[in-house]
Amino acid sequence: MPDDLWRMSAVEQAEAVRDADVSAVELVDSHLDRIAEVNPRVNAVTQLLAERAREAAAFVDARRAAGEPLGPLAGVPFTVKESTPVEGVPTTFGVKRFRTLVASADAPPVARLRAAGAVPIGHSNIPTLILAGMHTRSELFGDTVNPWDRAVTPGGSSGGDAVAVATGMAAFGLGNDSGGSVRIPAQFCGVAGLKPSTGRFPADHRALGPDDPGPASQMLVTDGPLARTVRDLRLTYEVLAGTDPRDPRAVPVPAYGAPLPRPVKVAVVANPGGHGVHLTVRRAVGTAADALRDAGYDVCEVPDVPRLDEALEVYGRIVVTEFAPTWPAVRTLLGEGGDRYIAMTMERTPPATVDEFMKLMGSWLGIRRSWAEFLHEYPLLLGPSFTEPPVEPGLESRDRAGLERVASGMRLCTATSFVGVPAIAVPTGVVDGLPCGVQVVGRAFREDLCLDAAQAIEDRLGVLTPMNPVGPRVGSGPGV
Numbered sequence: 001m002p003d004d005l006w007r008m009s010a011v012e013q014a015e016a017v018r019d020a021d022v023s024a025v026e027l028v029d030s031h032l033d034r035i036a037e038v039n040p041r042v043n044a045v046t047q048l049l050a051e052r053a054r055e056a057a058a059f060v061d062a063r064r065a066a067g068e069p070l071g072p073l074a075g076v077p078f079t080v081k082e083s084t085p086v087e088g089v090p091t092t093f094g095v096k097r098f099r100t101l102v103a104s105a106d107a108p109p110v111a112r113l114r115a116a117g118a119v120p121i122g123h124s125n126i127p128t129l130i131l132a133g134m135h136t137r138s139e140l141f142g143d144t145v146n147p148w149d150r151a152v153t154p155g156g157s158s159g160g161d162a163v164a165v166a167t168g169m170a171a172f173g174l175g176n177d178s179g180g181s182v183r184i185p186a187q188f189c190g191v192a193g194l195k196p197s198t199g200r201f202p203a204d205h206r207a208l209g210p211d212d213p214g215p216a217s218q219m220l221v222t223d224g225p226l227a228r229t230v231r232d233l234r235l236t237y238e239v240l241a242g243t244d245p246r247d248p249r250a251v252p253v254p255a256y257g258a259p260l261p262r263p264v265k266v267a268v269v270a271n272p273g274g275h276g277v278h279l280t281v282r283r284a285v286g287t288a289a290d291a292l293r294d295a296g297y298d299v300c301e302v303p304d305v306p307r308l309d310e311a312l313e314v315y316g317r318i319v320v321t322e323f324a325p326t327w328p329a330v331r332t333l334l335g336e337g338g339d340r341y342i343a344m345t346m347e348r349t350p351p352a353t354v355d356e357f358m359k360l361m362g363s364w365l366g367i368r369r370s371w372a373e374f375l376h377e378y379p380l381l382l383g384p385s386f387t388e389p390p391v392e393p394g395l396e397s398r399d400r401a402g403l404e405r406v407a408s409g410m411r412l413c414t415a416t417s418f419v420g421v422p423a424i425a426v427p428t429g430v431v432d433g434l435p436c437g438v439q440v441v442g443r444a445f446r447e448d449l450c451l452d453a454a455q456a457i458e459d460r461l462g463v464l465t466p467m468n469p470v471g472p473r474v475g476s477g478p479g480v
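Heads up, the sequence shown is in the working numbering, so the first residue is 1 and it goes up one at a time.
Quick caveat, the hints were computed from the structure, so don't treat them as lab data.
No experiment lies behind these values; they were computed from the predicted model shown.
Any given hint could be a false lead.
Cβ-Cβ distance ranges computed for the label pairs, FRET-style [as the list claims (entries may be wrong)]:
#1 GLY257 / ASP211: 43 to 49 Å
#2 THR243 / HIS376: 45 to 51 Å
#3 THR326 / ALA20: 47 to 53 Å
#4 ASP309 / GLY257: 27 to 33 Å
#5 ALA20 / THR100: 38 to 44 Å
#6 PRO213 / ALA401: 52 to 58 Å
#7 ARG249 / ALA62: 50 to 56 Å
Where is the CB? At the ideal position from N, CA and C, for every residue including glycine.
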């Protein structure tokens with residue numbers, strides 16, 4: 001076994017623990033050493049759970065010593081987004097006023113990962129309250145740095161997890177995505193990320209109290225893993241999929257569907273909606289398309305995805321309408337300047353009346369139907385997660401032009417979240433010192449098709465991480 005165990009994939013780490021080639025405690029300690037070395041330069045891990053992680057790892061080792069079977073993620077350390085509860089740890093949302101709000105129980109996906117033997121090693125940074133913008137900067141923990149280039153953002157809102165995974169501080173991270181919050185950080189940091197179908201993973205998104213959120217928050221937000229390899233994504237997907245009595249939305253659909261006739265058709269749309277795409281991203285889509293052709297897929301250039309602009313408009317109005325009544329109170333929690341992103345968004349998109357809202361809900365179903373018909377003809381769609389290379393931190397909050405540019409860049413993520421279909425972000429290479437990548441979108445509940453295609457791309461184009469961050473130390477980081 002190598003000294004730097006953190007370099008191993010999640011699959012390799014779990015196999016090594018089960019085979020007694022390494023102890024779970026040694027594996028956790030390797031990651032803790034890596035966090036101590038790297039986190040001061042990137043500030044991705046917020047609340048370090050060192051002693052709790054060692055205790056959990058020791059329990060795994062004791063089970064192995066007793067001859068008990070170990071789970072598929074035995075001993076594998078992972079990070080958890082600062083907005084997702086970990087029992088006994090504050091769920092701060094990056095807000096100073098929430099630093100003492102200790103979670104009474106694990107969120108359902110954390111519980112499933114623990115049951116599979118995985119070890120939470122720390123919380124990870126997010127934009128304040130997940131609302132301050134696309135860049136991972138929180139009032140409580142400060143800025144997270146993109147390890148490839150500190151002049152660009154790591155993305156968000158799951159940027160802390162993406163950075164932790166890319167730099168080897170965790171084998172995988174648990175983020176969530178309602179319009180690109182897993183896939184964009186994955187593209188910007190050179191890792192893979194999965195946004196599952198709505199209802200595939202059980203979750204509990206009651207943020208700060210006992211009341212459930214409205215329909216947009218119920219339907220749009222999906223928890224999903226980030227990892228360095230597609231094989232690791234597949235393993236975490238298999239663990240996270242299923243039902244849970246705490247989430248009646250989670251449906252008992254098999255993790256793997258029936259095989260499709262070969263060759264599987266893939267629609268390619270490099271410039272969704274025709275609103276522009278950077279040459280680097282267009283080339284990344286072309287490179288991934290060539291990889292899929294080489295793997296035997298029937299790759300077809302198509303004019304566009306269904307009803308993109310309408311989907312973006314309806315998405316925006318439903319979300320703003322649901323959010324508007326709480327905005328005056330929420331605004332006070334965002335800290336100085338933290339309200340600019342949402343304030344500009346709400347100025348751009350007014351809330352709907354009751355009659356308008358009902359029509360919007362009908363439009364939502366119609367748009368989902370159009371996408372289902374499209375994906376019936378083309379089981380897979382290949383396109384960008386973000387239509388530009390990584391942008392500067394805080395661009396979306398700078399001014400109206402920056403907001404529009406970021407909203408346009410993430411448009412395919414927004415639309416695919418809106419229709420509830422699965423998507424996987426996968427890297428395609430490095431250009432001018434920055435990672436680039438694509439996303440593979442599939443039919444509802446056919447994450448397996450997305451995983452197969454993403455694996456084919458990765459097999460031909462390689463894995464970019466783990467990597468050592470560039471640039472100087474940025475501070476000790478609140479959690480280390």
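Next item on the list: Output the numbers, in ascending order, of every earlier hint that fails for this structure.
Entry: 1, 2, 6 and 7
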